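Protein chains in written order, with numbering that gives the first Met the number 0: chain A, 0 to 247; chain B, 0 to 328; chain C, 0 to 451.
For the record, the hints were derived by calculation from the structure and aren't laboratory data.
The structure presented is a predicted model; accordingly, all values stated were derived computationally and were not measured.
You may find that some hints are simply not true.
[What the hints assert, rightly or not] Per the computed footprint, the stretches of chain B lying under chain C, defined by three or more beta-carbons under 8 Å from a beta-carbon of chain C, are: (1) 89–103; (2) 233–243.
[Unchecked claim] Going by beta-carbon spacing under 10 Å, a handful of chain B positions derived as facing chain C: (3) PRO85; (4) PRO121; (5) ALA305; (6) PRO314; (7) ILE317.
Here a beta-carbon is modelled for each residue, glycine too, at the ideal position from N, C-alpha and C.
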Amino acid sequence: MSTEATGNGALLAASNLVAGYVPGVDILRGCNLELHRGEIVGVIGPNGAGKSTLVKAIFGQVEVRSGAVTFEGDDITSASPHQLVARGMGYVPQVANVFPTLSVTENLEMGLYLQPKAFDRRMADIRPLFPRLSERLKQRAGSLSGGERQMLAMARALMMEPSVLLLDEPSAGLSPAFQDQVFERVHEINDAGVSIVMVEQNARRCLQIADRAYVLDQGGNAYSGAGSELLHDPKVVELYLGTLARAK
Amino acid sequence: MQWDVIFGNGARAAIGPDAAIYALLAISLNVQYGYAGLLNLGVVGFMLVGAYGLAIIVATAGLSMWIGIPVGLLAAGVLALLMGLPTLRLRADYFAITTIAVAEILRLVTRSRSLEGLTGGPFGLQQVADAFYSINPFPDREYGFGVVQFSEQRMWVMTVTWALALLLTGLVALLASSPWGRALRAVREDEDAARSLGKNAVAFKMQALVVGGMIGGLAGVMFAIRSTSANAESFRSDVTFFAYTILILGGAATKLGPLVGTIIFWFTLSTIESFLRQANREGWLPGFLEGSESIGAFTLVLVGLALALLIVFRPQGIFGNRNEIRLQT
Amino acid sequence: MPRRRRISALLLLAGAMALWPAAAYAGDDGGGTDNGENGENGENGEEEPAPTTTLPMGVAAITGTMPPSGVDPIEGVEFTVETADGQEIGSAETDVDGVWSVVVPGPGAYRVEIDPETLPDGVDLTDPDRTEAQVTVFEGRPARVLFAVGDIGGDRPTFLERLAQNTANGVKFGLIIAMAAVGLSLIFGTTGLINFAHGELVTFGAVVAWFLNARGPQWQLFLAGFVAVMITGLLGATLERGVFRPLRARQVGLFQMFVITIGLALLMRHAILIWYGGLRHSYADYQGQTRWDLGPVSITPRDLTIVCGSIIVLVAIATMLQRTRIGKAMRAVSDNPELSEASGIDVQRVVLVVWVMGAGLAALGGILLGAVVAVDWQMGSRLLLLMFAAVILGGLGTAYGAMVGGLIVGLVTEISTIWVSPSLKIVFALAALVLALLVRPQGILGRKERIG
Numbered sequence: 000m001s002t003e004a005t006g007n008g009a010l011l012a013a014s015n016l017v018a019g020y021v022p023g024v025d026i027l028r029g030c031n032l033e034l035h036r037g038e039i040v041g042v043i044g045p046n047g048a049g050k051s052t053l054v055k056a057i058f059g060q061v062e063v064r065s066g067a068v069t070f071e072g073d074d075i076t077s078a079s080p081h082q083l084v085a086r087g088m089g090y091v092p093q094v095a096n097v098f099p100t101l102s103v104t105e106n107l108e109m110g111l112y113l114q115p116k117a118f119d120r121r122m123a124d125i126r127p128l129f130p131r132l133s134e135r136l137k138q139r140a141g142s143l144s145g146g147e148r149q150m151l152a153m154a155r156a157l158m159m160e161p162s163v164l165l166l167d168e169p170s171a172g173l174s175p176a177f178q179d180q181v182f183e184r185v186h187e188i189n190d191a192g193v194s195i196v197m198v199e200q201n202a203r204r205c206l207q208i209a210d211r212a213y214v215l216d217q218g219g220n221a222y223s224g225a226g227s228e229l230l231h232d233p234k235v236v237e238l239y240l241g242t243l244a245r246a247k
Numbered sequence: 000m001q002w003d004v005i006f007g008n009g010a011r012a013a014i015g016p017d018a019a020i021y022a023l024l025a026i027s028l029n030v031q032y033g034y035a036g037l038l039n040l041g042v043v044g045f046m047l048v049g050a051y052g053l054a055i056i057v058a059t060a061g062l063s064m065w066i067g068i069p070v071g072l073l074a075a076g077v078l079a080l081l082m083g084l085p086t087l088r089l090r091a092d093y094f095a096i097t098t099i100a101v102a103e104i105l106r107l108v109t110r111s112r113s114l115e116g117l118t119g120g121p122f123g124l125q126q127v128a129d130a131f132y133s134i135n136p137f138p139d140r141e142y143g144f145g146v147v148q149f150s151e152q153r154m155w156v157m158t159v160t161w162a163l164a165l166l167l168t169g170l171v172a173l174l175a176s177s178p179w180g181r182a183l184r185a186v187r188e189d190e191d192a193a194r195s196l197g198k199n200a201v202a203f204k205m206q207a208l209v210v211g212g213m214i215g216g217l218a219g220v221m222f223a224i225r226s227t228s229a230n231a232e233s234f235r236s237d238v239t240f241f242a243y244t245i246l247i248l249g250g251a252a253t254k255l256g257p258l259v260g261t262i263i264f265w266f267t268l269s270t271i272e273s274f275l276r277q278a279n280r281e282g283w284l285p286g287f288l289e290g291s292e293s294i295g296a297f298t299l300v301l302v303g304l305a306l307a308l309l310i311v312f313r314p315q316g317i318f319g320n321r322n323e324i325r326l327q328t
Numbered sequence: 000m001p002r003r004r005r006i007s008a009l010l011l012l013a014g015a016m017a018l019w020p021a022a023a024y025a026g027d028d029g030g031g032t033d034n035g036e037n038g039e040n041g042e043n044g045e046e047e048p049a050p051t052t053t054l055p056m057g058v059a060a061i062t063g064t065m066p067p068s069g070v071d072p073i074e075g076v077e078f079t080v081e082t083a084d085g086q087e088i089g090s091a092e093t094d095v096d097g098v099w100s101v102v103v104p105g106p107g108a109y110r111v112e113i114d115p116e117t118l119p120d121g122v123d124l125t126d127p128d129r130t131e132a133q134v135t136v137f138e139g140r141p142a143r144v145l146f147a148v149g150d151i152g153g154d155r156p157t158f159l160e161r162l163a164q165n166t167a168n169g170v171k172f173g174l175i176i177a178m179a180a181v182g183l184s185l186i187f188g189t190t191g192l193i194n195f196a197h198g199e200l201v202t203f204g205a206v207v208a209w210f211l212n213a214r215g216p217q218w219q220l221f222l223a224g225f226v227a228v229m230i231t232g233l234l235g236a237t238l239e240r241g242v243f244r245p246l247r248a249r250q251v252g253l254f255q256m257f258v259i260t261i262g263l264a265l266l267m268r269h270a271i272l273i274w275y276g277g278l279r280h281s282y283a284d285y286q287g288q289t290r291w292d293l294g295p296v297s298i299t300p301r302d303l304t305i306v307c308g309s310i311i312v313l314v315a316i317a318t319m320l321q322r323t324r325i326g327k328a329m330r331a332v333s334d335n336p337e338l339s340e341a342s343g344i345d346v347q348r349v350v351l352v353v354w355v356m357g358a359g360l361a362a363l364g365g366i367l368l369g370a371v372v373a374v375d376w377q378m379g380s381r382l383l384l385l386m387f388a389a390v391i392l393g394g395l396g397t398a399y400g401a402m403v404g405g406l407i408v409g410l411v412t413e414i415s416t417i418w419v420s421p422s423l424k425i426v427f428a429l430a431a432l433v434l435a436l437l438v439r440p441q442g443i444l445g446r447k448e449r450i451g
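Whole structure, please, built from the sequences with the hints as guidance.
Quick look at the structure:
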């Protein structure tokens with residue numbers, strides 16, 4: 000489905016978003032993003048560029064002051080998050096992404112709050128993707144390790160079988176081993192048919208698995224293109240991937 | 000309807016000793032909450048300590064009032080220290096609850112039978128201010144105009160208290176524009192930034208708490224003098240809320256806010272109440288509002304409503320500035 | 000302990016005005032006088048003028064303490080005052096400090112009678128034949144009348160017996176606090192609001208039940224209580240929809256919201272005062288029961304029902320929170336409102352349910368408290384600090400915290416009376432609150448992240 004606003008069949012499109020948290024201060028100053036069905040789109044850039052704000056604005060958690068967001072052709076700029084969840088969008092925040100006093104099972108139940116009857120079926124689907132969680136169903140989410148919490152956070156968002164998943168820095172604060180697992184999961188989830196927008200600090204890994212990516216700077220788009228192109232673009236490398244040059 | 004009586008009552012309340020005492024209390028709050036951002040909801044506790052400090056020295060120990068007054072002030076300062084040391088690092092709303100609890104503990108303890116020998120227990124202490132009235136320079140007659148009349152004793156208390164209020168307003172204004180005051184505001188605005196500039200945030204807050212606390216103690220001392228007694232019942236938490244209403248009305252963190260606030264508050268309150276009483280006598284009031292109990296209570300309903308509306312629609316009060324307000328939320 | 004004063008403009012307006020029904024300016028109104036309306040008197044015999052301790056100039060009263068020495072004050076002893084020719088003026092019970100007083104119309108000769116039945120076990124008049132005394136009252140100073148009492152030996156309770164009885168009382172009181180405090184904790188957990196007006200919800204529930212029970216339709220207390228709980232729940236919903244939700248939408252700061260609840264508390268408390276009056280009343284049912292002796296503990300059937308009923312209600316609440324969809328949603332929103340929204344939970348609707356439930360539980364607590372003690376316009380505001388203590392001790396934001404904290408506060412308060420004068424028992428609970436805030440501000444069941 001598409002309309003003239005999203006022209007080439009974009010599943011999710013944000014155009015010229017202006018948004019911010021505090022009245023009078025704009026974090027996003029006219030930002031654009033498109034997500035096509037089946038894609039993984041990365042969003043990278045330096046701290047303060049507005050990456051997290053972009054997905055929060057798309058998801059309705061931050062007030063959009065001007066611009067528009069469309070999803071499957073419909074305007075969702077002023078939709079509230081729980082309405083978007085019902086429409087098939089999922090969101091995994093960077094911090095506070097689980098319910099710490101609830102058990103693993105209850106976290107997942109909350110993920111499927113709108114369709115409680117489908118719980119058993121969805122659990123059967125989700126469990127193979129997150130084997131370690133299956134062993135800890137009764138454990139309080141607050142007592143899980145960082146990596147396990149990230150897995151739980153993603154699993155929770157997947158319970159509703161979203162068509163679009165918004166991930167905010169899924170690898171943040173995790174050990175390299177866990178980071179690998181996270182990116183593997185992202186890949187598997189995408190193979191299963193979920194289109195993904197992924198904000199990442201770890202630009203190299205992000206660009207490695209992203210089909211396309213946007214590089215943000217100071218609330219606007221700086222560069223965009225295919226993941227593999229940007230990975231080797233010297234401008235991007237120089238300005239935003241200083242760590243890349245030193246790491247490899 | 001005797002309008003002269005109605006407004007006369009308002010005027011009398013607005014310039015009377017109670018308004019002056021509340022001016023002092025509002026000034027103390029202005030230092031603690033207005034400038035330092037400390038949500039002290041137990042400010043009546045400082046008043047209690049000041050009043051009982053004086054009362055215990057004079058009535059229980061039989062010493063001179065001139066010893067009692069400094070003791071009252073000192074006690075308030077010590078209370079501020081003791082209260083602040085462990086609690087200033089707490090989050091704002093937890094700090095607020097602690098202050099309420101401390102004020103209530105003070106009230107219950109001074110009221111209790113076990114301390115009756117010292118504090119007079121539930122009956123309190125009487126005749127604490129004879130020395131003050133004995134040096135009253137106002138000759139024995141009524142002062143005032145029209146309906147607004149004061150005895151010579153009230154004139155004396157009023158004059159002294161208002162003089163103190165004016166003096167302290169000036170002092171606090173000086174403090175506020177001094178480097179100390181600026182640093183204090185910096186701490187209120189952004190504690191981390193202030194700390195990075197080398198300012199010891201907790202020390203500043205403590206100083207503000209002590210200064211404000213002692214001014215509150217002074218309000219208590221004057222209150223004991225004005226009622227010639229000290230009784231724990233007079234120091235309930237509603238006093239604190241009146242003081243906050245007054246401060247917010249006049250404008251927190253402003254120079255004249257406490258003074259103007261108290262005058263307007265008491266004028267309005269008494270006028271409304273006087274009006275209602277007269278209306279009652281004319282039979283205008285609906286049934287449930289007849290009777291002096293109900294009128295008094297209704298006035299307080301209005302105070303509660305006013306406080307809520309004030310903080311939503313004009314939190315900066317009369318003199319305040321909208322931007323300062325954001326720092327206090 | 001409700002006290003009522005009639006004051007003239009010479010007394011401190013603020014503390015008095017804020018608290019007492021009579022208002023300040025009566026005496027100065029261009030020469031007019033306070034008409035002395037002080038509410039009904041002796042209608043069904045269930046009203047009692049609340050005792051006063053200090054008096055303004057120009058008012059005459061009779062007062063006394065029990066026991067006369069003031070050591071180990073005895074609460075609940077009843078005294079009646081009559082004129083010299085036998086017309087009853089009023090009666091009063093000693094309060095927590097053992098003080099009682101009755102205001103009389105003017106100076107003169109009066110008779111004071113003590114009701115020895117209201118003395119506790121183990122204490123009796125030194126001169127059992129002398130239950131009456133004559134006294135002359137002068138203007139402006141209360142006249143004191145004292146009756147000597149002494150232990151009659153024998154039945155002095157042992158420490159263990161006192162401990163058991165006080166523990167039972169503590170459990171009863173603690174359950175009531177727990178019930179009222181659950182709402183306070185959940186409202187904070189889901190919206191971050193510290194509701195200073197929660198005490199007024201307690202009073203409101205008790206007062207509405209009283210109107211339905213002892214006045215008006217005169218329903219049995221269970222029915223009156225049930226309806227009162229529903230009505231208070233509705234009030235909670237109205238407050239949330241009409242006041243707090245629009246304010247949250249305007250992004251009003253949390254401190255400002257706190258002050259608004261303070262203003263609301265003042266407003267509601269005095270509106271209740273206007274409507275209900277300044278006197279204490281009791282419910283029409285379940286008064287004057289004889290106590291059952293269960294081992295070392297003696298308890299009335301009413302109080303036993305209250306304890307069992309409260310436990311059932313609290314267990315039901317806990318079950319709802321653990322097992323039902325809406326209960327889990329409440330816990331989720333308390334945990335993390337943004338993530339709840341992101342999971343598809345309609346957070347605003349959950350908050351509304353929390354308010355309805357919280358207000359209803361507060362009302363229930365008020366009704367039970369009213370059944371145990373009596374209903375007066377300040378009963379809820381007196382409970383507020385104890386509710387804060389319960390919630391903070393247990394962990395602000397969790398319902399279970401409120402339950403645990405409430406029991407602890409109740410037990411600390413009642414058991415402390417073994418060692419300290421009853422007038423200080425609340426001080427212990429408050430001291431525990433302050434200590435908790437200093438040592439472990441997140442409470443027993445709370446999580447550290449909430450504090451910073």
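Checklist line | Hint check, B/ILE317 versus chain C [nearest Cβ-Cβ separation less than 10 Å] | finding: violated, 17 Å
Check: Against chain C, with CB atoms and a cut of 10 Å, does the hint on B/PRO121 hold up?
Finding: This hint holds: B/PRO121 lies near chain C, its Cβ roughly 5 Å from the closest one there, short of 10 Å.
Next item on the list: Double-check B/PRO314 for me: the hint is only fine if its C-beta lies closer than 10 Å to a C-beta in chain C.
Entry: holds, 6 Å
Notebook entry, point to check: Under the criterion of a CB-CB separation shorter than 10 Å, is B/PRO85 in contact with chain C as hinted?
Noted result: B/PRO85 check passes; min Cβ-Cβ to chain C is 5 Å, inside 10 Å.
Checklist line | chain C over the stretch 89–103 of chain B, status - at least 3 residues with CB closer than 8 Å | finding: holds (count 12)
Margin query: Taking beta carbons only, do three or more residues of the stretch 233–243 of chain B come closer than 8 Å to chain C?
Written below: holds (count 8)
Notebook entry, point to check: Can we keep the B/ALA305 interface hint, with Cβ of chain C closer than 10 Å?
Noted result: holds, 7 Å
When the structure is compared with the earlier hints, a violation turns up for hint 7 alone.
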